[in-house]
Amino acid sequence: MTTVAVKPATMAQAFGRALRDAMAEDPTVHVMGEDVGALGGVFRVTDGLVKEFGEDRVTDTPLAEAGILGTAVGMAMYGLRPVVEMQFDAFAYPAFEQLISHVARWRNRTRGAMPLPITVRVPYGGGIGGVEHHSDSSEAYYIATPGLHVVTPATVADAYGLLRAAIASDDPVVVLEPKRLYWSKDAWNPDEPQAVEPIGRAVVRRRGRSATLITYGPSVPVCLEAAEAARAEGWDLEVVDLRSLVPFDDETVSASVRRTGRAVVVHESGSFGGPGGEIAARVTERCFHHLEAPVLRVAGFDIPYPPPMLERHHLPGVDRILDAVARLQWEARS
Amino acid sequence: MTTVAVKPATMAQAFGRALRDAMAEDPTVHVMGEDVGALGGVFRVTDGLVKEFGEDRVTDTPLAEAGILGTAVGMAMYGLRPVVEMQFDAFAYPAFEQLISHVARWRNRTRGAMPLPITVRVPYGGGIGGVEHHSDSSEAYYIATPGLHVVTPATVADAYGLLRAAIASDDPVVVLEPKRLYWSKDAWNPDEPQAVEPIGRAVVRRRGRSATLITYGPSVPVCLEAAEAARAEGWDLEVVDLRSLVPFDDETVSASVRRTGRAVVVHESGSFGGPGGEIAARVTERCFHHLEAPVLRVAGFDIPYPPPMLERHHLPGVDRILDAVARLQWEARS
Amino acid sequence: MTVMEQRGAYRPTPPPAWQPRTDPAPLLPDALPHRVLGTEAAAQVDPDLLRRLYAQLVRGRRYNTQATALTKQGRLAVYPSSTGQEACEVAAALVLEERDWLFPSYRDTLAAVARGLDPVQALTLLRGDWHTGYDPREHRVAPLCTPLATQLPHAVGLAHAARLKGDDVVALAMIGDGGTSEGDFHEALNFAAVWQAPVVFLVQNNGFAISVPLAKQTAAPSLAHKAVGYGMPGRLVDGNDAAAVHEVLGEAIAHARAGGGPTLVEAVTYRMEAHTNADDDKRYRDDADVEAWRAHDPIALLERELTGRGLIDEAGMAAAREDAEAMAADLRERMNQDPVLDPMDLFAHVYARPTTQLLEQEAMLRAELDAETRGHDDPEGATR
Amino acid sequence: MTVMEQRGAYRPTPPPAWQPRTDPAPLLPDALPHRVLGTEAAAQVDPDLLRRLYAQLVRGRRYNTQATALTKQGRLAVYPSSTGQEACEVAAALVLEERDWLFPSYRDTLAAVARGLDPVQALTLLRGDWHTGYDPREHRVAPLCTPLATQLPHAVGLAHAARLKGDDVVALAMIGDGGTSEGDFHEALNFAAVWQAPVVFLVQNNGFAISVPLAKQTAAPSLAHKAVGYGMPGRLVDGNDAAAVHEVLGEAIAHARAGGGPTLVEAVTYRMEAHTNADDDKRYRDDADVEAWRAHDPIALLERELTGRGLIDEAGMAAAREDAEAMAADLRERMNQDPVLDPMDLFAHVYARPTTQLLEQEAMLRAELDAETRGHDDPEGATR
Ligand SMILES: Cc1ncc(C[n+]2csc(CCOP(=O)(O)OP(=O)(O)O)c2C)c(N)n1
Ligand SMILES: Cc1ncc(C[n+]2csc(CCOP(=O)(O)OP(=O)(O)O)c2C)c(N)n1
Ligand SMILES: [Mg+2]
Ligand SMILES: [Mg+2]
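Residue numbers (the working numbering), protein chains in the order written: chain Z, 1 to 334; chain Y, 1 to 334; chain P, 1 to 384; chain W, 1 to 384.
It is possible that part of the hints are untrue.
As a list, the in silico EDC-like pairs of lysine to aspartate or glutamate whose alpha-carbon atoms are at most 20 angstroms apart [what the hints assert, rightly or not]:
(1) Z/LYS51 <-> W/ASP286
(2) P/LYS165 <-> Z/GLU55
(3) W/LYS72 <-> W/ASP286
(4) P/LYS165 <-> Z/GLU25
(5) Z/LYS7 <-> Z/ASP170
(6) W/LYS165 <-> Y/ASP56
(7) P/LYS282 <-> Y/GLU55
(8) Z/LYS185 <-> Z/ASP56
(9) W/LYS282 <-> Z/GLU55
(10) Y/LYS51 <-> P/ASP281
(11) Z/LYS51 <-> W/ASP313
(12) P/LYS282 <-> Y/GLU52
(13) Y/LYS185 <-> Y/GLU225
(14) P/LYS165 <-> Z/ASP47
(15) P/LYS165 <-> P/ASP118
(16) Z/LYS51 <-> W/ASP280
(17) W/LYS165 <-> Y/ASP26
(18) W/LYS282 <-> Z/GLU52
(19) P/LYS72 <-> P/ASP281
(20) P/LYS165 <-> Z/ASP56
(21) P/LYS282 <-> Y/ASP47
(22) W/LYS165 <-> Y/GLU55
(23) W/LYS282 <-> Z/ASP47
(24) Y/LYS51 <-> P/ASP286
(25) W/LYS165 <-> Y/GLU52
(26) Y/LYS51 <-> Y/ASP21
(27) Y/LYS7 <-> Y/ASP26
(28) Z/LYS51 <-> Z/ASP26
(29) P/LYS165 <-> Z/ASP186
(30) P/LYS165 <-> P/GLU97
(31) Y/LYS51 <-> P/ASP280
(32) W/LYS165 <-> Y/GLU25
By construction, these hints were calculated from the structure, which means they are not laboratory data.
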């Protein structure tokens, strides 16, 4: 394989391209939500789709999230593959009854007779200076709901690959799109054949020997930055990007922690009852005798999301991650 | 203090008595929900209240959970203390936007100017042979929402004490009422002066030296039974009843685990992303060097709640708890 | 031109030119519930249809009493009876074409059965067996829906998808009076009207939501009036008059099929039994209220019409009763057999392919069950 | 007799006696938006009121342009302008009594300001400072509400509580056309009607929900028609006619205050700016549409009335403009100061008393901040 020069693309463009390619390949794929048509979505992810595919397949719905997801259920019952956009994390809450009581349970309820291949796209997380309700990290709700897959990319290529995989999945998938990475760029060539990531595989983004940072979505770049900074302190940190919260890739994560013997889980979501507890607990269950220190967590505080002027104090940053690494009982190393 | 003979009362009666006493003491306490009036609620917790206090204070609302909680917000803004009944766990989901985006955040949003003293009563959990949507353990959603207190009693006395404390609290409190304990009886005299439990204190229900079972709500009696059964196997198990999930009583829990060196968290809620992960993680953070084995979890499976005919296979029972205790690496004991 | 683009685009224009989009008058529902039986209109109805409705009403009543009896014998976990509401249930089933879809609530197992579903399958959920006992596509009956009003957007979405595909399919969604207060009712009706989806909403106003009477549920002149706010026609019909319900639903379905969009139908009826066998209706209503409705029994109404006009004889009525008895006997017998459920099925359909986490849990349960079996083989109980 | 018991209990009775509860006709909203300015009715309006409205409109427009300018200077994180909608905003504020409550959405900071709130406080949220910059009880203005329609049940609950307490208080809740599609809109209106709560719902139909035009939001004849389904009166008013909005709201409030229950008011207006400064309205509407509405500008309409009838002179208009400029200058100046936020306040108001978990997190942040301060004192950066 030869190296080709590629132009940088944003994550938002990669999501959009994934939608476009999926729609072009499969006429049953429909995009629906608030402002997904002429406007192209408030993040412009669906830009151009209505021109290419028409209003029957790219639909500006009435403003009602339960209605959007509920009608998507009916459309999926009839053989369509709806891709639903929730405008912001906090605006998905009105759809929770449909999500928890129906979308997540339909296959099980019908004993496999009627799967619901629905993709729910949720822009999530903070760091964009958004006012109240525009920066929630709501993944705890989704991962505690059996029947859903929950993925979240951290790179432009994964944005494409995971969204394609989500749309192709016969099960409902919640795609958590890290808002503040929408405009992040990567050398990624949309005109090359693209990998559709299998759902459920984590990836080691950086190899290291001292300790493992387990993270996902918007915190991946922060962890990579922290790992660079840690070199100055003599720590060689490994960074695991989970990519999929459900299913969870125990194999990759446990293998890393067994290698390093120490781990910190990093995410923006609040700490108490957030994904970090689950991750720390299952890593500990599997790697107990390899651990030199308890698995620590660096997470958002257990507070309602703060206003833009204070969010930097709330979000896990490089310093806080390094502080946690410093607390991994290095003195205990024999 | 002399011992007085007391008549046994059910947990449902204790909840009802707590409502009655709170209403009698404080004219701002209002009870509202579906069928809470003439019917007395489907579990008869509010039996007799409308006769005593009238329809202005015990209100059969229209059938709309977001509307119930949303109007309760407005009532609380005007100085009332609404106690809202959600008829079953799964039927609280339509109210999640009001709960997450408003109830939990109002005090913070208004910089303390406007607290919302709302109590949300949610009958939860399985084991009652209920059909779909009538047996969810939805505590993961509540504990991941900063701004809420979340309590759940396991005894008749705590049912009274915790509900009184919830109503008296100036913060919103979700009271998770274990459905299958509604008809459990205790020697409890409603005519004695009753203790109002401070929110946030766990209690050791059974002292033991071998390992700690950390549990709450409907699983407390199961754990006590398991502890009895464990004696035959030579294990002397301590049982901690959390009573409050938020705030979490780290002190009591950690002290117990430091004493015993081993712990199992037991709850009905699904395992992945459920409270057990949080509890295991924080116990491990605090007691790492006292632990002889990783903290294990015995929880519901990560599946939609099963039908009545299969629920016994899903619910954590005595055998499954003992199996977990057996896996606590006893051979490692030096 | 696509389906979505067909509709005349409405753009707000400055007030001088502002006009209501349609005259509201045609949206206003009937002033009184529409009736057919006992009126002159009954003569226009196909006698065969009346006889079919009658046979199904008799069968439906028997189904209700049998199911209630099964709760007493512990063979059903719970049963929300539709006794007194059979005209709605039966008309809803009979008015649909094979290709159409029915979206029932928990109270509407009878409609599913009248549509052709095996009663044992229809009762699977209520028996405590798996949640949906049938493949929804077989008879085009959606899973019985318990969370109130949430089935309505499903029906809208399905009808919309069928229309986009060019299929000539209508969806009929059933809901109770209480359910109309839920937000999902509102959102579904609005989507349906905006999309002009071929869907009909049938509200069975049976007077109560468990214990809560209609007066605490709405202040509207009628539930049918709710149609106005969505820009769809609303109809009010006597829910105990099977011919009237069939006619009004039939018109609404034809309207939807012809591209005319959704209709809201309110059928005024009464719940003769408690909410479910677990309910105690003495707490919230008088026997006298229930008794007053007996005079308006759906079977009696139709029977009077049929016999009065000589459209059925004693033999015909006996045949209906016999058919109903046979159904009941068969139902009883099959419900008396304990269903055999495989605990391992807990994991079978959570996902297309179980996650590794579920595989671990599955292995744990299998080991437990194996140990149990060994325990049974080993009566000394040497193994736990 | 309690408030809840007062209302005539509606019990369903068998169909022969069944009657609609009220004649639907009075519930039907106006056929065309009600107008006052430029009509004979204008002569009946208190000239002082017209002048007060005018002064506030001029001030409101200036507030809008100033706030938009502040977004360009990075002094506001975001601003959803109400330019073109000032008649609704101002009339809503002026029509209320001191003791009444206003429930604004994110677009309604102007209404809050016109009610007396300090503009800087009203803009706190949009500035990126704490979520609500004022004590809601001070001016009886609820926190600006962002999740659509969720403020409506709050208004209903507050109005209901006031009525239960015997207080003579009315709540006015504001919402956009798009918000009417949400389930909470439905649930709030229904609760209000069933409880006969003293609340008025003001829908500002400004033609769009971000990019989505009204035609994709509803198929109803008008949004005011939605009132019918709740059994409450609906009114349709020209939202750019400040006198008309004031009159219609005033009547609705008087009706509510007198125990007559809620009213739904639809004000037809137009959003002259993009949804917010971050929006690009070129993507979904033509300049020509916007231009057409300029002829119907709320300030121009009122100015024409006032000057035409000699109720204001050039000096009076200049005074209004000067007052507006003074407000804008003050706003500009104060918004140009950086607010000082204490990071430790993150933990101050999550609960009445912080949990031990929060105390730990608080301690961590304090240590970090201390270290930062030390780092600043120590420019060599010896400590991180
Ligand atoms: C979202 C939701 N909330 C509450 C319930 C509990 N519940 C079951 S049936 C019922 C009453 C429904 O009344 P109605 O809609 O009139 O239907 P009916 O039972 O009379 O047929 C209630 C409150 C539910 N199933 N779903
Ligand atoms: C529950 C919810 N969903 C989505 C949004 C995102 N959003 C903010 S404003 C808006 C459009 C609202 O339109 P409309 O109600 O007409 O009010 P307008 O902005 O025109 O004043 C949307 C979709 C939200 N704030 N809340
Ligand atoms: Mg009913
Ligand atoms: Mg609008």
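Taking the hints in turn, this is what the structure says about them:
1. Z/LYS51 <-> W/ASP286: Judged against 20 angstroms, a Cα distance of about 17 angstroms means the pair holds.
2. P/LYS165 <-> Z/GLU55: holds (14 angstroms)
3. W/LYS72 <-> W/ASP286: violated (23 angstroms)
4. P/LYS165 <-> Z/GLU25: holds (17 angstroms)
5. Z/LYS7 <-> Z/ASP170: The hint is violated at about 33 angstroms.
6. W/LYS165 <-> Y/ASP56: holds (10 angstroms)
7. P/LYS282 <-> Y/GLU55: Holds - the C-alpha atoms of Y/GLU55 and P/LYS282 are around 19 angstroms apart, at most 20 angstroms.
8. Z/LYS185 <-> Z/ASP56: Roughly 32 angstroms between the alpha carbons, so the hint for Z/LYS185 and Z/ASP56 is violated.
9. W/LYS282 <-> Z/GLU55: Within the cut-off at roughly 19 angstroms; holds.
10. Y/LYS51 <-> P/ASP281: With a Cα-Cα distance of about 17 angstroms, the restraint between Y/LYS51 and P/ASP281 holds, given a limit of 20 angstroms.
11. Z/LYS51 <-> W/ASP313: This hinted pair is violated, its Cα atoms lying about 53 angstroms apart.
12. P/LYS282 <-> Y/GLU52: Cα-Cα ~19 angstroms, so holds.
13. Y/LYS185 <-> Y/GLU225: Roughly 16 angstroms between the alpha carbons, so the hint for Y/LYS185 and Y/GLU225 holds.
14. P/LYS165 <-> Z/ASP47: At roughly 25 angstroms apart (the allowed maximum being 20 angstroms), Z/ASP47 and P/LYS165 break the hint.
15. P/LYS165 <-> P/ASP118: violated (30 angstroms)
16. Z/LYS51 <-> W/ASP280: Answer holds: Z/LYS51 to W/ASP280 is near 17 angstroms, not above 20 angstroms.
17. W/LYS165 <-> Y/ASP26: holds (14 angstroms)
18. W/LYS282 <-> Z/GLU52: holds (19 angstroms)
19. P/LYS72 <-> P/ASP281: It holds: about 17 angstroms lies between the C-alpha atoms, which stays within 20 angstroms.
20. P/LYS165 <-> Z/ASP56: Holds. P/LYS165 to Z/ASP56 sits at ~10 angstroms (cutoff 20 angstroms).
21. P/LYS282 <-> Y/ASP47: holds (14 angstroms)
22. W/LYS165 <-> Y/GLU55: holds (14 angstroms)
23. W/LYS282 <-> Z/ASP47: Given pair W/LYS282, Z/ASP47 holds - Cα atoms ~14 angstroms apart, limit 20 angstroms.
24. Y/LYS51 <-> P/ASP286: holds (17 angstroms)
25. W/LYS165 <-> Y/GLU52: Given pair W/LYS165, Y/GLU52 holds - Cα atoms ~18 angstroms apart, limit 20 angstroms.
26. Y/LYS51 <-> Y/ASP21: Roughly 14 angstroms between the alpha carbons, so the hint for Y/LYS51 and Y/ASP21 holds.
27. Y/LYS7 <-> Y/ASP26: violated (27 angstroms)
28. Z/LYS51 <-> Z/ASP26: Within the cut-off at roughly 17 angstroms; holds.
29. P/LYS165 <-> Z/ASP186: violated (39 angstroms)
30. P/LYS165 <-> P/GLU97: holds (18 angstroms)
31. Y/LYS51 <-> P/ASP280: Satisfied, since the Cα-Cα distance of roughly 17 angstroms is no more than 20 angstroms.
32. W/LYS165 <-> Y/GLU25: Answer holds: W/LYS165 to Y/GLU25 is near 17 angstroms, not above 20 angstroms.
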